[in-house]
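Novice: So the sequences go chain by chain: A and B. Okay, so the first sequence: first residue is 1 according to this note's numbering, each after it adds one. Okay, so the second sequence: first residue is 330 according to this note's numbering, each after it adds one.
Everything labelled a hint here was simulated from the structure, so no lab data went into it. C-beta: ideal position from N, C-alpha, C; glycine also. Be a bit skeptical, because a hint or two may be false.
Only part of the chain B face toward chain A is listed, based on derived beta-carbon distances under 8 Å [as the list claims (entries may be wrong)]:
| hint | residue |
| --- | --- |
| 1 | E344 |
| 2 | A462 |
| 3 | Y469 |
| 4 | G492 |
| 5 | V525 |
| 6 | M549 |
| 7 | K551 |
| 8 | P552 |
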Amino acid sequence: MSNDVWVVAEHARGQLSESTLETVGKGRELAHATGGKLVALLLTDDERNQINSLAAADLILLARRPEFREFTPEAYGGAIEAALKEAPPRLVLMGSTSVGLDLLSVLSARTGFACLDSCTRLDLRASQLLATCQIYGGKLFVEVALSSATTLVAVVPGSFAKPADQPSGRPEVRELTLPADLPVSRITFHRLIEPPSGDVDITKVPILVAVGRGIQNADNLPLAGELAEALGGAVCASRPVIDQGWLPLTRQVGKSGMTVKPKLYLALGISGAPEHLEGMKQSELIVAVNTDPKAPIFGAAHYGAVTDVVELIPMLTEEARKQGLKKAS
Amino acid sequence: MNIAVLTKQVADLVEGIEIDASGRAVDRDSIRYILSESDDHALEEALLLKERSQAHVEVFSLETGEVRDGLCTALAKGADRVVMILAGQETPPSNHAAARMFASVLKGLPFDLILTGVRAIDDLDGSVGGLLAGYLGLPYVGLVRKVELVDGAATVEKEYPGGFAAELGVKLPAVLGIQAAEQPPRYVPVTRLRQVMKTAQVEEQEAEPASEEPVSVERMYKPEEGAGAAMLSGSAEEIARQIVNLLSERRVTR
Numbered sequence: 001m002s003n004d005v006w007v008v009a010e011h012a013r014g015q016l017s018e019s020t021l022e023t024v025g026k027g028r029e030l031a032h033a034t035g036g037k038l039v040a041l042l043l044t045d046d047e048r049n050q051i052n053s054l055a056a057a058d059l060i061l062l063a064r065r066p067e068f069r070e071f072t073p074e075a076y077g078g079a080i081e082a083a084l085k086e087a088p089p090r091l092v093l094m095g096s097t098s099v100g101l102d103l104l105s106v107l108s109a110r111t112g113f114a115c116l117d118s119c120t121r122l123d124l125r126a127s128q129l130l131a132t133c134q135i136y137g138g139k140l141f142v143e144v145a146l147s148s149a150t151t152l153v154a155v156v157p158g159s160f161a162k163p164a165d166q167p168s169g170r171p172e173v174r175e176l177t178l179p180a181d182l183p184v185s186r187i188t189f190h191r192l193i194e195p196p197s198g199d200v201d202i203t204k205v206p207i208l209v210a211v212g213r214g215i216q217n218a219d220n221l222p223l224a225g226e227l228a229e230a231l232g233g234a235v236c237a238s239r240p241v242i243d244q245g246w247l248p249l250t251r252q253v254g255k256s257g258m259t260v261k262p263k264l265y266l267a268l269g270i271s272g273a274p275e276h277l278e279g280m281k282q283s284e285l286i287v288a289v290n291t292d293p294k295a296p297i298f299g300a301a302h303y304g305a306v307t308d309v310v311e312l313i314p315m316l317t318e319e320a321r322k323q324g325l326k327k328a329s
Numbered sequence: 330m331n332i333a334v335l336t337k338q339v340a341d342l343v344e345g346i347e348i349d350a351s352g353r354a355v356d357r358d359s360i361r362y363i364l365s366e367s368d369d370h371a372l373e374e375a376l377l378l379k380e381r382s383q384a385h386v387e388v389f390s391l392e393t394g395e396v397r398d399g400l401c402t403a404l405a406k407g408a409d410r411v412v413m414i415l416a417g418q419e420t421p422p423s424n425h426a427a428a429r430m431f432a433s434v435l436k437g438l439p440f441d442l443i444l445t446g447v448r449a450i451d452d453l454d455g456s457v458g459g460l461l462a463g464y465l466g467l468p469y470v471g472l473v474r475k476v477e478l479v480d481g482a483a484t485v486e487k488e489y490p491g492g493f494a495a496e497l498g499v500k501l502p503a504v505l506g507i508q509a510a511e512q513p514p515r516y517v518p519v520t521r522l523r524q525v526m527k528t529a530q531v532e533e534q535e536a537e538p539a540s541e542e543p544v545s546v547e548r549m550y551k552p553e554e555g556a557g558a559a560m561l562s563g564s565a566e567e568i569a570r571q572i573v574n575l576l577s578e579r580r581v582t583r
């Protein structure tokens, strides 16, 4: 059995994604500790800008085709399935992302290999590979022994540090021979839809007042607006608030929303599911308020308080005005 | 146009959640069940398609949690038929086993689209939608936020980070993992729900048994309470003052 670790490389608009680089770093550590190789699986139309970012891989398996320019689940999945069946590795890592989640379960069903989602830790303990996954919005951690010969694992972006420096060596690049009878994809890429414009760009605002389910209803949103105004910042939100239509998509932080790194992230009534944390945990200062003392957001915050945000927000606004906190513009 | 919607009940996180004596599973007695949020969106998207293109919508749930209430709610919202799939087991199945059971029921039925939530909060071994598509040999797209039916195919919007999305064309039949419907899931007044529950026909259907447990859980644990954050205490007013003092001292707004 091979002890190789494969990483499915993701790219968007020609660039390799950050989460792939993080996963390559961790995958290399695990592969080398078990005497295997780190293999990057790169499906692309043009590898020239991407291969340099994959210097930490021991081997790059490259499939270059015009239809791999943009991700489509079936074309990518079919090619990866063929490669996996040909030489199954110990571990296949992908992102718990829009790309990885379209591949993970379908590949598991097609190959019979076990699969795991929402992985935030990978450890090697007494030669046993262990994955830790977060379920119930980060309220429970599950430690799973990867006892199957091959396991597919989707890793939450931001779980592993991106290696500080790239190894100087050049990985071997091997062209992946795809079977001639690969089925024609029933999914076609039409076009990329740009983010809506014309609203505040929350990735550029240094002070963010972020609201979640704890804001309770749309009528309470103006309270958050007043606080943002008093602090000289802007309002953003977690997924449930956006899905209710209370704020536009442009204000969404987290997976499929924006990734923000403001000077202050004031998380009000946000429980802190992994999908949200991946979009804000690099903020310089995180202050979180939630009624649930066990909310996972406190694990990411620098300061926390347990109280009802609907009651607290007007008090914060009043206090901020009293202390003249807003930057003179 | 025939649409199947697969839904399941999950723990309501507002109520808290406990680990059982084995330390490897959730204590099911501690759970209050609600419909999985993204399944609610999948149902909403199906109902929007029904309104726009006269689709026939059938909702399927495995017999776990408090399924009957959820299925009655789906009827009250406008589903044409609801089916409870008898799983023949006490413990909730893994997603692999659930997908096998759904596959055994849906195989050969004339559905053009199978919609389900892209993921549930208790998913560990992948998602039911992707697994089902794999077993049935159908195309699958997840993180979908919009579905349009055009000449026997679906045009879908799939979400990407940073507010980007892709428009994809998908040949039918297909399985779609819905992230969010085009509008918030509709609300059913309690009086209407009570009325429907009196006369509701929840059909029952047996699935081929499946018991795959592809994942071996070593242990389950809760994150350390308040780990990481320095906790501020006092009344709401005192907390407000401490937070603003903190921002003032650190000059974050300057």
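Novice: A separate judgement is required for each hint: does it hold in the structure or not?
Specialist: Evaluated hints:
1. For the restraint placing B:E344 at the interface with chain A, the shortest Cβ-Cβ distance is roughly 11 Å, beyond the 8 Å limit, so the hint is violated.
2. The restraint placing B:A462 at the interface with chain A holds, with a minimum CB-CB distance near 6 Å, inside the 8 Å limit.
3. With its C-beta approaching chain A no nearer than about 5 Å, B:Y469 sits inside the 8 Å limit, and its interface hint holds.
4. Because the smallest distance between the Cβ of B:G492 and any Cβ of chain A comes to about 3 Å, under 8 Å, the interface hint for this residue holds.
5. Taking 8 Å as the C-beta contact cut-off toward chain A, the hint placing B:V525 at the interface is violated, the least distance being around 24 Å.
6. Checking B:M549 against chain A by beta carbon gives a least distance of about 5 Å; that is within 8 Å, so the hint holds.
7. The beta carbon of B:K551 is positioned within 8 Å of a beta carbon in chain A (closest approach about 6 Å), and the interface hint is therefore held.
8. Interface hint status for B:P552: upheld, as the beta-carbon distance to the closest one in chain A is roughly 5 Å, under 8 Å.
Against the hints set out earlier in the document, violations occur for numbers 1 and 5.
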